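Start from the sequences and build out the full structure, keeping to the hints where you can.
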Amino acid sequence: MKMKWIALSMVFVSLGVFAQETELKIALPRPLFSGTPRELKTPNLEPMRKPGEKRPPIMVPEGVKNLAAKAEVTSSDSEPVVGELELITDGNKNGEEGYYVELSPGKQWVQIDLGKKAKIYAIALWHFHSQARVYRDIVIQTADDPDFITNVKTVFNNDHDNSSGLGVGKDRDYIETYEGRPIPVPGVEGQYVRFYSNGNTSDDMNHYIEIEIYGK
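The sequence shown begins at 226 in this note's numbering and counts up by one.
Just so you know, these hints were derived from the structure itself, not from any lab.
It is possible that some hints are incorrect.
[Claimed, not checked] With a Cα cut of at most 20 Å, we get these calculated PhoX-like pairs of lysine-lysine:
no., residue 1, residue 2
1, Lys342, Lys441
2, Lys250, Lys395
3, Lys332, Lys290
4, Lys344, Lys290
[Stated by the list, open to error] Have a look at the derived ranges for each label pair, beta carbon to beta carbon:
no., residue 1, residue 2, range
5, Pro330, Lys279, 30 to 40 Å
6, Lys266, Lys395, 30 to 40 Å
7, Glu246, Gln356, 18 to 28 Å
8, Ser427, Asn317, 17 to 27 Å
9, Lys250, Asp428, 29 to 39 Å
10, Lys341, Met284, 39 to 49 Å
11, Thr247, Ile374, 32 to 42 Å
12, Gly323, Glu404, 13 to 23 Å
13, Asp386, Gln356, 17 to 27 Å
Every value quoted in this text rests on a predicted model; they were computed, and no experiment measured them.
No residue lacks a Cβ here, since even glycine has one placed at the ideal position from N, Cα and C.
Structure (structure tokens):
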């Protein structure tokens, strides 16, 4: 009887934990292109989804919010070619000209200060979506300090050949669309989140429209 009670208790605890999670809902911008994109040559590209196929849901704890909203943004390129860094956390995901930041060619990064240490459960990222393209060597890291010395953790890395020098990644390249890229994060703690890229399949520039970081 005692073992049965313990087993039932574990079931109720498990159900309670599950009930505290909810599907992450992300507001999407207006699509700017439709149809099948042209063939993009990249060795690490994930398979395209079938028409009508949805991405798997991302489950997060109840009460998470976008900690990146209006947060301070810094960059390896202190003077972007186009736009201002503030656009990256202004809440506007439109893909037209005037809503994105363009950074210089080569490996560049943008960094968001969450204001204080937080647990991160998901990230949503929009580089550029007025044209189908693939951005190279996307690496996302968290840290406790702005110089990325303390408690540095990598939560996404699709640099399959370590060309950016941040380690070989196991994630896949993907085609940019209006849906952006939602990325699950397993409750990693940090105050600073840094996003690397290294050009794209259309040119050598780096672009960012919007970044959302969900946590609490």
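Tested hints:
1. Lys342 x Lys441: The given pair, whose Cα atoms are some 9 Å apart, holds under the 20 Å limit.
2. Lys250 x Lys395: violated (26 Å)
3. Lys332 x Lys290: violated (30 Å)
4. Lys344 x Lys290: holds (11 Å)
5. Pro330 x Lys279: 30 to 40 Å: holds (35 Å)
6. Lys266 x Lys395: 30 to 40 Å: violated (21 Å)
7. Glu246 x Gln356: 18 to 28 Å: Cβ of Glu246 to Cβ of Gln356: about 35 Å, so the range 18 to 28 Å is violated.
8. Ser427 x Asn317: 17 to 27 Å: Holds, since Ser427 and Asn317 (Cβ atoms, about 22 Å apart) stay within the stated range.
9. Lys250 x Asp428: 29 to 39 Å: Since Lys250 and Asp428 have Cβ atoms about 33 Å apart, the given range 29 to 39 Å holds.
10. Lys341 x Met284: 39 to 49 Å: violated (24 Å)
11. Thr247 x Ile374: 32 to 42 Å: Given range 32 to 42 Å: holds, Cβ gap about 35 Å.
12. Gly323 x Glu404: 13 to 23 Å: holds (21 Å)
13. Asp386 x Gln356: 17 to 27 Å: With a Cβ separation near 25 Å, Asp386 and Gln356 satisfy 17 to 27 Å, so the hint holds.
Hint compliance for this structure: hints 2, 3, 6, 7, 10 are not met, and every other hint is.
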